[in-house]
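First to last, the sequence lines map onto chains A, B and C.
Numbering follows the working numbering, with no gaps: position 154 of the first sequence is 154.
To get the working numbering, take the position in the second sequence, counting from 1, and add 275.
To get the working numbering, take the position in the third sequence, counting from 1, and add 382.
Quick caveat, the hints were computed from the structure, so don't treat them as lab data.
Some hints here could point you the wrong way.
Some but not every residue of chain B turned toward chain A, in silico, with C-beta under 7 Å [claimed, not checked]:
id, residue
1, V298
2, S313
3, F323
4, K328
5, L331
6, F376
Ranges between beta-carbon positions, derived for each pair [to be verified]:
id, chain 1, residue 1, chain 2, residue 2, range
7, A, T110, B, Y307, 49 to 59 Å
8, C, G728, A, G236, 26 to 36 Å
9, A, I61, C, G728, 40 to 50 Å
Don't be surprised by glycine CBs; every beta carbon is placed ideally from N, CA and C.
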Amino acid sequence: MDIPYTVAPRQDTGLYNAKVGIWLFLASEVMLFGALFSSYILLRVGAEPGMWPHGLLNIPIGTFNTAVLITSSVTVVLSWAALKTHNFGRFRAIQSITLLCALGFLGIKTYEYNEKFTHYEVWFADGRPSVTGHIDGAGRFWTLNTLADKKIESITMHPDRFHYRIPSGEQAKLAKSGTVPEHPEPIKIATSEIKRLSAFVPAHSTYFAVYFTLTFLHALHVFGGALVIGYLWGPGASMWKTDPDRFTNRIEVSGLFWHFVDLVWIFLFPVLYLL
Amino acid sequence: MADSHDISKTVRKYIIVFVALLVGTAITVGMYYVHLPSVAMTVMVAVFIASVKAFLVAGYFMHLIDERKMIYGILGSTAFFFVGLMFLTIWAMHDFPAHTFLGSHVP
Amino acid sequence: MQTTTKDHHDVHEHAHHEQSFFQKYVFSTDHKIIGIQYGVTALAFLFMGFCLMLMMRWQIAYPGKPLPLVGTLLEKVLGTVAAGGVMSPDLYNSFGAMHGTIMVFLAIVPLAFAAFGNYVVPLMIGAPDMAFPRINMVSYQCYAVGGVIMFVSFFIPGGAAQAGWTSYSPLATAIPTQGQTFWLVGMIFLITSSLLGAVNFIATIIQLRAPGMTWMRLPFFVWAQFVTGFLLLLAFPPLEAAGIMQLMDKVAGTSFFLPTGLAVGGELANVSGGGSPLLWQHLFWFLGHPEVYVLILPGMGIVAEVLANNTRKPLWGYKSLVYSVLAIGFISFIVWAHHMYLTGMGTKISTFFQTTTMIISIPSVIILTCLFITLWGGSIRFNTPMLFALAFLPMFGIGGLTGLPLGFNFSDLHLHDTYYVIAHFHYVVAPGTIFALFAGIYFWYPKMTGRMMNEFWGKVHFWLSLIFMNLVFQPMFAQGMAGMLRRMVDGGANYSQVMAPDAIGNLTTGIMGMNRHISWAAVCLGLAQIPFIINLFWSMRNGKKVESDNPWEATTLDWQTPTPPPHGNFAAQPSAHRGPYEYSAPGAAKDFSPQNQTA
Chain A
1 MDIPYTVAPR QDTGLYNAKV GIWLFLASEV MLFGALFSSY ILLRVGAEPG MWPHGLLNIP
61 IGTFNTAVLI TSSVTVVLSW AALKTHNFGR FRAIQSITLL CALGFLGIKT YEYNEKFTHY
121 EVWFADGRPS VTGHIDGAGR FWTLNTLADK KIESITMHPD RFHYRIPSGE QAKLAKSGTV
181 PEHPEPIKIA TSEIKRLSAF VPAHSTYFAV YFTLTFLHAL HVFGGALVIG YLWGPGASMW
241 KTDPDRFTNR IEVSGLFWHF VDLVWIFLFP VLYLL
Chain B
276 MADSHDISKT VRKYIIVFVA LLVGTAITVG MYYVHLPSVA MTVMVAVFIA SVKAFLVAGY
336 FMHLIDERKM IYGILGSTAF FFVGLMFLTI WAMHDFPAHT FLGSHVP
Chain C
383 MQTTTKDHHD VHEHAHHEQS FFQKYVFSTD HKIIGIQYGV TALAFLFMGF CLMLMMRWQI
443 AYPGKPLPLV GTLLEKVLGT VAAGGVMSPD LYNSFGAMHG TIMVFLAIVP LAFAAFGNYV
503 VPLMIGAPDM AFPRINMVSY QCYAVGGVIM FVSFFIPGGA AQAGWTSYSP LATAIPTQGQ
563 TFWLVGMIFL ITSSLLGAVN FIATIIQLRA PGMTWMRLPF FVWAQFVTGF LLLLAFPPLE
623 AAGIMQLMDK VAGTSFFLPT GLAVGGELAN VSGGGSPLLW QHLFWFLGHP EVYVLILPGM
683 GIVAEVLANN TRKPLWGYKS LVYSVLAIGF ISFIVWAHHM YLTGMGTKIS TFFQTTTMII
743 SIPSVIILTC LFITLWGGSI RFNTPMLFAL AFLPMFGIGG LTGLPLGFNF SDLHLHDTYY
803 VIAHFHYVVA PGTIFALFAG IYFWYPKMTG RMMNEFWGKV HFWLSLIFMN LVFQPMFAQG
863 MAGMLRRMVD GGANYSQVMA PDAIGNLTTG IMGMNRHISW AAVCLGLAQI PFIINLFWSM
923 RNGKKVESDN PWEATTLDWQ TPTPPPHGNF AAQPSAHRGP YEYSAPGAAK DFSPQNQTA
């Protein structure tokens with residue numbers, strides 16, 4: 001006996017097996033990301049007032065990435081529609097745009113991450129307010145231990161115009177008033193003055209911990225989805241010749257997963273970048 | 276399941292939703308530069324716009340609008356449990372005893 | 383020669399090519415093989431968890447004394463933590479954490495849900511296999527990998543996880559060894575396995591029911607597995623999220639669960655702070671509570687099947703059973719913080735969770751009542767599976783009733799983290815679920831192997847287990863009420879009358895003496911399992927051969943197959959023409975009417 005309803009839908013549910021399976025899996029993913037979102041809310045609301053950084057994420061880049069993912073979402077469903085009209089060539093063409101968008105999203109994310117890993121904050125031993133900015137000659141992930149290992153006695157830091165503790169409204173006012181220069185003077189800091197040195201990495205603060213965890217988990221899902229869609233675009237497409245309906249179902253199911261990934265980003269983007 | 280005529284109508288629907296999503300994104304980003312009176316309002320508006328976009332993706336791209344009760348049932352319960360997790364956890368962490376009975380009368 | 387080969391091919395066109403040993407038994411996609419794989423692996427872990435407990439019980443009864451028989455072996459294998467064959471506090475803690483982890487995640491859930499579910503559910507609904515056989519195989523493999531990781535963690539420097547099966551932060555992160563990291567990685571594999579399994583089960587039950595097998599004609603075991611699948615599907619992901627965050631805390635230096643100002647070993651920890659230990663607890667128990675229903679529901683399902691079959695009458699209150707199990711599934715998601723009454727929650731939120739906890743006891747009682755009433759007026763056959771199923775009822779009753787003082791905030795204040803809690807949950811899982819699982823093994827063994835297990839030794843196994851289970855766990859209620867706390871390496875000696883004579887509420891010598899009684903009862907309980915283990919293996923070759931495919935004269939579809947069921951289960955698609963418990967139907971020819979019987 002063969003397993004029924006792998007292609008043809010079952011009468012009373014109107015669904016074929018893989019569709020039930022993927023929706024169940026997506027339900028579990030809703031709980032996964034939901035738990036992370038709940039944790040984000042809790043950590044943010046519970047943070048000391050003024051200690052939750054903001055304005056540290058590049059909004060134009062984030063917006064562009066959002067548009068890229070939305071585009072990939074429409075191409076994925078259009079490619080399925082093409083298969084439904086038995087137009088394999090069109091499917092291949094449109095789906096290739098999906099894959100390009102996926103690569104683009106991941107590429108931009110990598111650029112964003114890298115930018116953070118070379119962006120530093122220095123806390124001072126004498127209790128002076130901390131400073132953020134770029135450090136001359138520093139690579140990624142430097143800490144006080146790195147300075148000790150490399151026997152560096154002092155660093156030159158190019159501070160950011162505003163520290164993230166200053167609320168955005170005030171930042172705008174100060175910028176307009178002209179009292180803070182666009183490119184502040186570099187400052188020299190002796191290693192002995194530093195209490196803590198950290199790049200904008202997960203260990204820096206709960207803000208970055210939750211940002212990196214949420215976006216990295218999302219990016220893993222983008223990557224996984226792209227792998228599956230890529231496989232079905234490439235070697236897996238041979239099933240179109242032997243069992244076209246089953247292949248179309250596979251495209252639909254992988255598309256459902258892809259839409260979910262897009263859905264998560266639709267919430268991630270405003271929550272992380274804009275709020 | 277579908278013939279070309281149906282499909283071309285659906286394709287048009289997809290394109291319309293696509294444009295709506297881009298517009299929604301633009302509005303969300305635009306809101307960032309318009310400062311609303313309170314934090315709560317900002318959050319509510321952002322979540323509202325995101326929810327509309329999510330509904331469009333789920334409803335049209337994921338064909339949820341055409342699916343039957345089974346899927347709605349699964350998603351409905353999931354939504355209930357997710358909201359429960361979020362709401363109850365936040366409530367639990369904000370409801371704690373403010374004072375003891377004994378300690379409040381210091382001699 | 384050519385023609386013969388061609389004919390040979392034509393005739394066997396649809397037959398599968400000969401599968402190698404690996405394809406057939408190791409990389410099988412057949413739900414029955416996978417069920418047995420899960421079963422064998424889970425029983426091995428059950429044995430391992432039991433051994434860990436025996437060693438811990440020795441330490442509790444005779445603190446500081448070298449372990450007999452295994453002391454030198456332990457020292458050789460584990461090094462300084464078992465110096466002189468004595469269990470050090472660190473080793474005790476890691477054994478405790480791993481006993482819980484192994485029993486819950488590596489033994490009971492895989493046995494109850496995955497092993498029995500995989501073997502029986504497709505047969506019961508008239509399906510040829512699970513909906514996604516290859517995902518089924520992968521889910522077993524994830525489980526096996528997770529199990530290996532957990533097992534290996536004992537042998538790394540610093541040993542296995544030490545912060546309890548609950549892995550509370552900041553302790554879990556502050557312990558400098560890697561045991562906790564292994565635990566987290568192992569958990570991620572186990573959770574993945576459970577999620578894949580849950581998707582498979584739910585999709586199978588929704589989609590692959592045979593024609594005529596409507597929802598209300600499903601055997602109760604299938605309903606129980608259906609709800610259990612949903613619990614696993616929706617409750618595990620928050621723990622996975624929490625596990626990822628705790629892993630980041632350990633490996634990437636984040637502070638998801640580490641508060642500002644955390645001091646470790648007298649020094650300020652070098653972390654960013656700003657995290658919340660309570661957040662871990664909420665996310666853990668969000669799974670933790672549905673998890674306990676995952677532990678019990680498949681067992682209730684098995685008991686229901688065995689009871690109906692051995693009373694020769696339908697289950698009483700089938701509809702109530704179904705609605706109750708659905709209600710349990712639903713409500714179990716909103717009761718979790720009754721594990722957290724002592725974390726400083728305010729009265730409003732405590733009252734909320736207290737209320738939902740009380741409400742969820744109602745469907746549980748309904749299920750137990752329906753099962754009890756099923757016995758009324760039945761022609762009871764007292765075979766081994768029935769004995770275990772019968773004993774399940776009062777044992778689970780004790781476990782459930784003793785949960786009530788824990789569900790109330792005010793009484794839990796006194797009982798939280800005492801031996802009372804240990805007694806309560808072991809009663810539900812040990813003489814509860816495990817008895818149900820024994821019933822299932824004795825019951826379905828003939829279908830899997832074509833032979834019956836030995837009845838005499840089955841009854842010996844039953845009576846000895848029943849007696850010693852109660853001797854092990856009953857005294858713990860008294861100990862808990864007297865204030866003996868959990869997870870104490872010296873068995874409470876530091877709080878005893880002997881060592882702390884002036885302390886208020888110190889533990890009397892009577893209470894302390896129970897430690898030894900319990901430990902020896904546990905040894906006897908272990909010995910009582912020997913006839914079972916021998917019976918299991920011996921009966922495979924030497925057990926009484928079954929005379930028919932349906933030796934228990936059961937009505938459900940799993941008994942209407944050849945023995946053992948072949949690949950594909952049914953020669954042709956069966957259909958269901960009646961309910962699942964048509965026993966002693968008035969006017970019927972025999973005292974049972976199988977579901978697929980047309981007349």
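Structure-based check of each hint:
1. Taking 7 Å as the C-beta contact cut-off toward chain A, the hint placing V298 of chain B at the interface is violated, the least distance being around 11 Å.
2. Contact between S313 of chain B and chain A, as hinted, is not supported at the beta carbon level, the nearest pair being about 13 Å apart and thus beyond 7 Å.
3. With 7 Å as the threshold, the beta carbon of F323 of chain B stays out of range of chain A, its nearest partner Cβ sitting at about 10 Å, so the hint is violated.
4. Because the beta carbon of K328 of chain B sits about 5 Å from the nearest beta carbon in chain A, less than 7 Å, this interface hint is met.
5. Here the hint on L331 of chain B is broken, as its CB sits about 9 Å from the closest CB of chain A, past 7 Å.
6. At its closest, the beta carbon of F376 of chain B sits 27 Å from a beta carbon of chain A; the interface hint therefore is violated under the 7 Å criterion.
7. At roughly 24 Å, the beta carbons of T110 of chain A and Y307 of chain B sit outside the given window of 49 to 59 Å.
8. In this structure the hint that G728 of chain C and G236 of chain A lie 26 to 36 Å apart at CB is violated, the actual value being about 55 Å.
9. One distance hint, 40 to 50 Å for the beta-carbon pair I61 of chain A and G728 of chain C, holds here, with the actual separation near 43 Å.
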